[in-house]
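Enquirer: Here is how the chains run, residue by residue.
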Amino acid sequence: MTEPILQVDGLRKEFGELIAVDDVTVRVREGGSLAIVGESGSGKTTVAKMIVGLEVPTAGSIRACGSDRSTPARSTAERRRRGREVQIVFQDPYTSLDPRQTVERALDEVLRLHQGWDAPRRRSRVLELGELVGLDARQIRALPRALSGGQRQRVAIARALAAEPRVLILDESVAALDVSIQAQVLNLLADIRDETGISYVLISHDLAVVRQLTEETIVMWRGRVVERGPTAQVLDDPQDDYTKRLRASVPRPGWKPTRRALAGVGEEMDP
Amino acid sequence: MSTAAPPVEAVAAVERRSWLALLRATGAAGVASAVAIAIAAFVAAFGPLLAPDSPYLGQLSSSYVGPTGGHLLGFDGQGRDLLSRLLGGARTSLVGPLTVVVICILAGTVLAVSAAWKRGTYDAFVSSGLDVLFAFPGILLAILAAAVFGAGLVAASLALAVAYTPYVARVLRGAALRERSQQYVAALEVQGASAFSICLRHLIPNMLPLIVAQATILFGYAMVDLAAISFLGLGVQPPNPDWGVMIAENQSGVVQGYPLAALAAGICIVIVVVAFNILGERLYDQAQAERR
Amino acid sequence: MSEGPASAALLEVEDLVVDLPVEGEMRRVLHEVSLSIRAGEAVGLVGESGSGKSMTARAIDRLLPPGAAVGGAIRFDGGNVTALSGAQLRRFRGEVAMIFQDPRAHINPVRRIGDYMTEALRTNRDVPNAEAEDRAVDLLESVGIEDGGRRLRQYPHELSGGLLQRVMIATALLTQPRLLLADEPTTAVDVTTQAEVMAILDDLRREFRLAMLFITHNLELAAAVCDRTAVMYAGQVVEVRASSLLHDDPLHPYTAALAAARPDISATKDRLASIPGRPLSAFEAPSDACAFAPRCTHVRDACRQQRPPLIELDRGLTRCLRADELRGHMGPETA
Amino acid sequence: MLVATLVVSSFVIFSALYLAPGNPIAVLSGGRTLPAESIKVLEARYHLNDPFITQYWLWLKGVAHGDFGISIALRENVSTLIASRIGTTAALVLYASLLILVIGIGLGLAAGLRRGFLDTSVLAVTAVSAAIPSFVAAIVLILLFSVKLTLFPSLGDGQGLFGTIYHLTLPAVALAISSLAIVARVTRASVREEFGREHVQTAVSRGIPYRQLVRRHVLRNAAIPITTISGITVASLIAIAAVVERAFGLNGLGAYLVSAANSKDFAVVQGISLVLVTAFVVVNVLVDVLYAILDPRVSLGSRAQ
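Residue numbers (our numbering), protein chains in the order written: chain A, 1 to 271; chain B, 1001 to 1292; chain C, 2001 to 2335; chain D, 3001 to 3305.
Same shape as in the complex, but just chain A:
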């Protein structure tokens, strides 16, 4: 068996007294797609931040594309190499782009960072990337404020892909989009996977989106993994109490919301 493209073992993160992530283990095979499901406070976003190096793990190890990234990068070259291994697309289309930078310049900046190409070559790659995510030449020259939320999210995807990463982390990347736009972006992500063979890690609270995009699922609750397995199995036949409750909370035709014992699992109770 070949080594997984992303391998996370015993990951832990403490913020002072709070244990945000506790003993999380993740495997993603090349070309595979994994969902990390959970609600606020589950630690799923902290896991994503540690994988891309925005947070330093308290304990545990992270390996991507065969090299270790458990500790902060020492050199510029190392930092950029990691950038070519794993990329991320965030949730908020409105702050994910520099408002002063055109799409073109944003993509060009990333290309310059990673490839030793001359200007014409970078320019043609920018157009190629635009085409890949469905942006025309006019949109490529535009500033973010001229673009809709869906278009901005396409730009964020293109920027991540510009580094030609092997793993793309989607941190609630379609959560802020309108339903009709969300469908477009989900289809786009499926097409990109077919074309490039990239692996996805989807961080999401939306089980329908998880079903649509991933093969494997991990369910997190209060920093710990409570259930894992093939996505269809986890959603159709959840074993853990919390997963069951999460599944039952999704509105559907004929759904009847019920009140549970309030101090029960998952219920936030503050002082």
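Accuracy of the hints is not assured; some may be wrong.
[Said to hold, decoys possible] A few chain C residues facing chain A, derived, Cβ under 7 angstroms:
#1 A2188
#2 D2190
#3 A2195
#4 M2198
#5 L2258
#6 P2279
It should be emphasised that the hints constitute simulated quantities derived from the structure, not laboratory data. From the three backbone atoms N, C-alpha and C, an ideal C-beta is built for every residue, glycine too.
For chain A, the structure is supplied; the task is to place chains B, C and D on it using the hints.
Expert: Chains B, C and D in isolation, oriented as in the chain A frame:
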């Protein structure tokens, strides 16, 4: 059909706002203020060349003599041509505040951006250091500086710059923290861009409208404070012309019933400060509006 | 589920038109919105961003920003809402309670929870403070907050978002209103909390025989908890349908497309039937054509030549010229 | 924080002695040539032969007991000199603060609550008066009220309560005018901003009457930023008072500080600076306390951003 651009998505042709467009957006009062500032700057640069007479030499016999043919504004208490002194005084009255603003904006920006970037203990250290510095009112620090280093524009300007820096840094730190938390910054970090280049090429340019607004507002404050210090005799030293010095020199005229000499210098200060205040306020509103 | 006679409606909105001043010019935000709610009935109002669903609620409660131009009619219990002022308007607002999406911004941060909850009772109903607090504690208990007495003495920043949303719901019910306008009350909370909040709303609504206008972007949620659902697009209501029929037998292509575009939790779709383009705001949409025409896969020339009226069809309402012929052919299965 | 700030500022004020060009004796004597025994006295007084930190500590101990040293120019105890002048400055600052708080906040509230003529004129007048430096205001006031109308004196401190108020009126107005305008503008803006808050809309949607809405939700919340700006401006008066005292020939601390700085009377400069900084810091701390009372989200010690 797979990844083609959806048909009805249109792109509004929104260009990046030029500084000229920004100025126009500040309205009639903003533009008028900018014009007033431009005139003041021109006078500061070329004032001595424009002056009809010497700002230094005069005859005591003309003391507090009103406007006559060759002397549009008459004479000051020492019989010097008032217009020439006003024109000559523009330079020190504007260069002083400019020095203050440049220093405290530079220092404030560096402190604010580095604190916002590093966060944690470094930020706490910088912030509490600034809080302590906040305990020195600008004028008091300038008087102290004059007592230690001797009276003069340089000591006064440096003292004011030090006193203003915590204020600038505090305002800009808030803006830098907001910018730092934008997701595009995290995206660039993940790409492997260096902190220095992200700050220089993204953070600071995005804070620029606010920085310029701050600088403009501070210019007005610095001008008032420096003129006050010169008025106290601890800034620009007579016989050099300076609007603050001129008010002190000609205060006796007010009581003697000839207020023009002191008033003229006062009016010059008020006009320039009003212009900086209004323009700064409008630019600030624009900077805030752009954030939304 | 038939449309009753007009007199039976508690709230009736007819051809509501709203223009707002934006940068010096008037911009249309609502385009002939018509809607009715009977006493005790829950109606969902669904739409994507910019469709005008929140603006509709604001117009009903007379909360539009200054300078807004309002046309059409809003009637509550037979009375003309748009003509109300002063004490009458305040009394009307006591009968219509509003729940907002972001409780943290909508509750005064410098006053205690108890003050927030009882202010309207003390001020408008002259209920003594102690009695008002007792009632508040009772209602907190019915929204699942047991230690109400302690909560009343806390400040908003000491409570979590989910708890604050419950406080807001309890507060809305304190003055015993007859209509609840709930503007995306669960959008900012977690899925499990959403289920909890919806259950509470549902229970209390039935207990108090309260009518509700439930605003959301989530079609499945609205359909699951409301008797009828109205779908908005570009500042107009394009369909009103019994919730039970909405999913399988929609009357407007937009509703059908919206349902088809959502991924399915119980099955992986090969490809989502996405709607091309982006949702339009009222002022961007064509005014002399069907607003959905530019994105509609069933569009004909006629759709571009006039704005379709809201017509009745199978006890529902639709703004589609081809509704009758397309019926059964625009559902998710055929998309 | 209060203690830390005071320690650091006293340290800065003390070490200014060493920052100055020339040896401490030259600084303390202001360049005057002193007889050998006077130098001995100075050395003993400032413990100049001890290590720097010891010198500072002994100086600070002296200050804590009210011993600020001896004025080289007047050959008198600095504390006596300060005591005889502090009253004038305190009265001037208090008088001006009162004007700022009453008129500034009053104008700001009126303009914030009523759109129209009053609002526009307050905006226009305050835009100009915010830019009038105290010494320019001083000459205009002297010209109008002493020279032309002869209603108020242009010089001197005055005797007794009424005399003091009478003599301090023009100086207080000159000192207050620009701060008053700034406070009025910020007050107006805060009221407007609070009116636009979502929670105010909630109160409207619940049928709360307008007057109560304004009082309990708009003004109550606007009090927080108004407190901040009032605190900053009132504190800043402490230093600007020097300028006004000079312009009106008042015998206050600030004017004395300036003449001491001019004549290089170093002990006096140190003493007065320390008094003024302390007053400045104390006002800021009072504002922080008030802030914590007004805003339940702020706990004492965490300065509002």
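Enquirer: Given a cut of 7 angstroms on the nearest C-beta pair, is the interface hint for A2195 (chain C) held or broken against chain A?
Expert: holds (4 angstroms)
Enquirer: May I ask you to test the interface hint for D2190 (chain C) with respect to chain A, counting a Cβ-Cβ separation under 7 angstroms as satisfied?
Expert: holds (4 angstroms)
Enquirer: Once the shortest beta carbon distance from A2188 (chain C) to chain A is found, is it less than 7 angstroms?
Expert: Violated: closest Cβ of chain A sits about 10 angstroms from A2188 (chain C), beyond 7 angstroms.
Enquirer: Given P2279 (chain C) as an interface hint, is its Cβ closer than 7 angstroms to any Cβ of chain A?
Expert: At about 6 angstroms, which falls below the 7 angstroms cut-off, the nearest Cβ of chain A leaves the hint on P2279 (chain C) intact, so it holds.
Enquirer: Does the interface hint hold: is L2258 (chain C) within less than 7 angstroms of chain A, judged Cβ to Cβ?
Expert: At 6 angstroms from the nearest chain A Cβ, L2258 (chain C) passes the 7 angstroms test, so the hint holds.
Enquirer: Restraint: M2198 (chain C) near chain A, CB-CB cut 7 angstroms. Satisfied or not?
Expert: Holds - the Cβ of M2198 (chain C) comes within 7 angstroms of chain A, reaching about 4 angstroms at its closest.
Of the hints listed earlier, the one the structure fails to meet is number 1.
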